[in-house]
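Can you make the complete structure from the sequences, with help from the hints?
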Amino acid sequence: MRVGVGLPGTVPGTNGQLLIQWAAQADQGPFSSLGVLDRLVYDSYEPLTMLAAAAAVTQRVLLATTIVIAPLRNTSLLAKTAASVDALSNGRLVLGLAVGARKEDYAAADVEYRTRGKHLSEQLATLRMTWEEGRFNPSSARPQGPALLIGGQSDLGFARMARYTNGYVHGGGPPKAFARAADKARAAWLDAGRPGQPQLWAQGYFALGDEATVEAGMEYLRDYYAFTGPFAEKIAAGILTTPQAIAQFLRGYEEAGCDELVLFPTVPDLGQLQRLAEILHGLGRDAA
Amino acid sequence: MKIVILGGGPAGLYSGLLIKKAHPSYDITIIERNPAGVTYGWGVVFSDRTLGAFQRADYKTYEQITSRFVIWDAIDIHYRGELIRCGGHVIASIARKELLGILQERCLELSVTIKFGCEIQSLADLGEYDLLIAADGINSLVRKTYPEQFSPSLELGKARYIWLGAHKVLDAFTFIFCENEHGLFQVHAYPFSGDTSTFIVECDEASWLSAGLDKADEEQSLAYCQQLLAPSLQGTSLLSNNSKWVSFPTLKTRHWQHGKIVLLGDSAHTAHFSIGSGTKLAMEDAIALAGALEQHADLATALNAYELERKSVVEVFQKAAQESSVYFETLKRYLNLAPMPFAFQLLTRSGRISYDDLRLRDARFGDAVDRAFATSVCQANAAHAQPRFAPPPLFTPLKLRELTLPNRVVSPAREHEGTSAMERDDAGLVMTGIVAVSAEGRVTPDDSCLYTPEHLASWQRFVEQARTHSAASLAIQLGHAGRRGSTRPRTHALDLPLRSDNWPLISASPLPYTPYSQVPREMDEAEMQRVRQDFVQAAQMANEAGFDLLQLHVAHGYLLASFLSPLTNQRSDEFGGDLTRRMRYPLEVFDAVRAVWPEPKPLSVALQASDGVKGGLTVDDAIIVARELKNHGCDLLTIQAGQTITESELPYGHGYLTALSDRVRNEAGLPTMLGGYLTTSNEINTILAAGRGDLCIVTPSHSRV
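Just so you know, the sequences run in chain order V and S. When we follow the numbering used here, the leftmost residue of the first sequence carries the number 1, and every step to the right adds one. When we follow the numbering used here, the leftmost residue of the second sequence carries the number 289, and every step to the right adds one.
Among the hints, a few may not be true.
Chain V regions said to be covered by chain S (calculated; three or more residues, Cβ under 8 Å) [stated by the list, open to error]: (1) 125-131; (2) 159-171; (3) 180-186; (4) 193-203; (5) 227-234.
To be clear about the criterion: a stretch of chain S counts as covered by chain V if any three or more of its residues have a C-beta under 8 Å from a C-beta of chain V, and this derived list gives those stretches [claimed, not checked]: (6) 590-597; (7) 797-804; (8) 924-937; (9) 940-947.
Sample of chain S residues at the chain V side, in silico, Cβ under 7 Å [unchecked claim]: (10) ARG778; (11) ALA781; (12) LEU782; (13) TYR965; (14) THR987; (15) HIS990.
If you are wondering where the hints come from, they were derived from the structure by calculation, not from laboratory data. Every residue gets a Cβ at the ideal spot worked out from N, C-alpha and C, and that includes glycine.
Right, here's the structure in full:
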C-alpha cells in the first residue's frame, strides 16, 4: 500500500501560498500522492485548480481528486480541465468522481439533485470517449485520459465503478468499513469480467500536536460534515492524532487490500505535513 | 430535570430506573395505559450477550431476572416425522409478566413514579417536561404526532401469526413444521417459566385463508391450533391471551429524536419475532439512552450519541430479521429438501450463522451435517452402511450424468498461459471463459473462439495440458456476444466499441447496448438457423477437443439472453412477446446442441436469473425458464444476473448470487453452480449444506497472507 497526503484546500482559512508550499514539500516524500476534496458552497478551493497549481511545483507525486462532484460540472469542460491538468502534470492525474451528498451544492450549481446518479453514468460514458476522440484535449495529454475512480456506497455505484472506471475510492471510516466496501468493489469487478483487480483508494483525517490542535481539527470536521447530522461527531471522533493510531489505521487498510491511502490534514499548518512525514519515516514507509 | 416516559413496558421501565439511578434528583414519571397487573404476551427471549449488558447496567434487576430465567442451549426441529437437534446456542427466557414485575418494583424502590391506567389522547395532556421518552410501542402516539420529524416507514409481513401459550414443558427452542390439507404451518415454541411455554403459530396467507382463519374468532383459532399441534402438545391445552392473527409490522424510522423527544424500543423499530430480539433491542436502547444522558450534560448531544450508538446495531438486526421473515414467508420452496438440509437452511436463514459457527457450537451436529450430505450424494451406494465420518460438503463428489466431479470447487481456466505457468489446480471443475462460436460472436478481437480446425487443435492442446496438471474435469462455455460484440478489451471499461475494423452485430431486436454502440441488426430466421448451426458445430468440436461438460451462455445481455429479457426483445414474431415466446430461440439452440453433445456428458446453461432492473427479467421468470430447460434435458444451471442493460443493480458483496441460486435451485429442481465473490470454505460449505447451490466458483482471496 502507498500512502499519500491531502492538501488542506477545504480547511477554511487556508491561504493560497500554503497550498503551494504544501504541494512542493509533499513532493519531497515520503508521500506517493496529493489528494484534494470538492465542495461548492464552502470556504474551499476548486479541486482541479488546486491540482493545476500543485502540478507546477511537483515532479513525482500523483495528483488525485478524492473526489470531484462530477454532476455539478459540464461534462465537456470537466473532460478538458482534467485533460489539461493531466498534461500540465505530465500524466500524473487520477480523477476520482462521485455524486456527492450535499443538496445545497446542486442548488448553487443549478443542477438537478434527484437524477445525479444517472447523470454521473452519462458523464462517465462520455468522458472516456471525449478524451479518446481528442477533440477537446491538449495534444500533450495522455490519449486514454487519466485513470478514473468512483466514490460512493450504493450498489449501482459499484456497478458503475466496474463498468466505466479503474477503481474505487472510499470515503473514510474505520478499516472494517473499508473492508466491506472493498469486497463490494472486488465483487462488482469480478461480475463485470474486468481483468485484474480494481484500484482501491481510501482516505483518513489527521491532526497531530497538542490538545488545541486536535480540537481545531475536530471542530473543522464537525463543521465540514455538519450536513450528516449526528454522524459529524463520529467522523470527528475518528480523527488520527497519534503515531500509534496512524500505524494501526495504515495496517488495517493495508490488510483490507487498500492500494493507496490518502491522509488529509484538518489544520492548515505546514508543521502537520512535517509531523506526518516523520511518523511515516518512523514506520519505515519511506518508499513512494 | 423533569422526564416523562410514555409506556410502561420493559423499555420504559428500564430506562426510567436506569436514569433515576444515575440522577436521583430527576423527576421521572412513567405513564402506562393499562391498569397495574394487566399484561399481554407470554415469554421473552434473551441471548448471553444481552445478559452481560444487563449485569453492567443494574446488578439488582439482573440478579432477579436471571434467577427467574429458563435457560437452554438446544434448538429442536420437527420436520416430516424426524427430530433434528442442534446444541450450543445459549438462550434464556422469562415470562413478560415477571420481567415487568421486577422492573416495576425497582422503579418504585428508586422513587420513579408510575401512573397506571392512564390513557393519553394527545401529547398536550402530558404537561411540562424537559425530556419525553416515547416508549409507547409500535403504535406510538408520540411518533404519530410528528410523522415528518421522525419519518417512519412501516411494512407488513406477508405471513400471519398468532401468539399463544401452553402449560407444556419444553427443553429446547422448538420449531414444528405441520403440513395439512390447508397448507403449511410452522410453530416457534420455547419455554419461559417452570411450567409454561410460548407457542407462536405462523403460516402464509394462502394456508391461513384456506383454513378459514380469516373468519375465525379467538376461540375458533385456538381450537384450530390445538388440533394442528395435538401430537406435540400431548394432551395439554393451548392458552390464549387476547391473541389474534396478525401480520408482523416491520418499522423503521429515519430519525429517533426531535427536540426534547426521543423514541425508544418498538416506537422506533421492530424486528421480526423469529430472531427473538424485540424486548432485547428495547432494553439495550434503554441502557444506551441512560448511558448517553449520564455521559453528556447537553441533552441534544446525549440524544445524538444515543441515536448514533443504537441505530447501526438495530439496522444489523433488522436486516437479519428481514432475511429470517422472508425465509418463513417462502418456506414452501424448501419442502423438497431432506430433513437435514432443511434444518441447516433454517438455522442459517438470517445469514448470521454459518457452517463453521454451527460446528463450533455443536461438533456432533456438524458431523451429522457432513454425513447426511455425503449420504445424499451417494444414494446409489445406499447399500453401504452409513459412514461414521464424512468430509465437509465442499469435498463431496457430484455426479452429473456419467461425469463425477471429485469436489464442489470450480476454477476459471487460465487459457492463455503456457504449460509452465499452469499451477496444479485442486478444483473439481475447471471452466473456460466464454468461447465464441463464430467470428461475429466475439465480444473483443482477443476472445477465445471455436469455429476453425486451428481453434480445435488449440483447444485439444489445452485439454491435454490441463489433464497432465490436474484431476479436475474440464468445462467449456460457448457463447455469442450479440449486441455486446465488436468491443475493445475490458482494460479500461466495458462495452467500448472498437476504434476500427468493427464487424456488424446481431441481436433479438435492433437496440444498441450503449449510446455509443453500433445498432445491431434484428436476426431473421435464416440468421437464427445459422447461429444455431454455429453452436452445434462448436459443440461437436468441444467434444472432439475432449471437454467433459458443455455450458451455453444465456446471460449478461449476450445474444441468447437478448431473446429472454423483455428489455432487449421487442420482436413481434413467434420469438418475441411473452416469456414462452422469448425463451423459444434459446431453447431451440439448447435442443440442437443437446442432440449432438454425447448422451453421457452433462450439458449446462449459464442462466440469467434476474436483470436487476425494473421491467427486466425477474427471478420468477428465470424459474419458469429453468423448469423448461430441465424438461429439455439440462443438467446444471450457472446462476448469473445483471448486465442486460448498462444500469443494473446487484447487492454486491460476498455471496451476492446466493439468494438467486437458492430460489432457482429449490423451485426449479435443478442443481446450480454459482459464483458471486465466494472466497472461503465456510461460505461454500454453508451454501452446499443448506441446499442453496451445488457447485461454487471460487475467487482467490485478496489477502496476501
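Evaluation of the provided hints:
1. For a cut-off of 8 Å, the count of residues in the stretch 125-131 of chain V with a CB near a CB of chain S stands at 3, and the three-residue condition holds.
2. Against chain S, the stretch 159-171 of chain V contributes 6 residues with a C-beta closer than 8 Å to a partner C-beta. That satisfies the three-residue criterion, and the hint holds.
3. A stretch counts as covered by a chain when three or more of its residues have a beta carbon under 8 Å from one of that chain; for the stretch 180-186 of chain V and chain S the count is 6, and the coverage holds.
4. Using a Cβ-Cβ cut-off of 8 Å, 4 residues of the stretch 193-203 of chain V lie near chain S, which meets the minimum of three, so the contact claim holds.
5. With 5 residues having a Cβ less than 8 Å from any Cβ of chain S, the stretch 227-234 of chain V passes the three-residue criterion, so the hint holds.
6. Judged by the Cβ-Cβ criterion of 8 Å, the stretch 590-597 of chain S is covered by chain V as claimed, because 4 of its residues qualify and three suffice.
7. Coverage of the stretch 797-804 of chain S by chain V holds [criterion: at least 3 residues with CB-CB distance below 8 Å; count 3].
8. Here's how the stretch 924-937 of chain S fares: 6 of its residues keep a CB closer than 8 Å to some CB of chain V, so the rule of at least three is met and the hint holds.
9. Counting residues of the stretch 940-947 of chain S whose beta carbon lies closer than 8 Å to any beta carbon of chain V gives 4, which reaches the threshold of three, so the coverage claim holds.
10. Here the hint on ARG778/S is kept, as its CB sits about 5 Å from the closest CB of chain V, short of 7 Å.
11. The beta carbon of ALA781/S comes within 5 Å of a beta carbon in chain V, closer than 7 Å, and the hint placing it at the interface holds.
12. Evaluation of the LEU782/S hint against chain V yields a held restraint, the C-beta minimum of about 5 Å falling below 7 Å.
13. Against a cut-off of 7 Å between C-beta atoms, the interface hint on TYR965/S holds, since the closest Cβ of chain V lies about 4 Å away.
14. Against a cut-off of 7 Å between C-beta atoms, the interface hint on THR987/S holds, since the closest Cβ of chain V lies about 6 Å away.
15. Checking HIS990/S against chain V: minimum C-beta separation of about 4 Å stays under 7 Å; hint holds.
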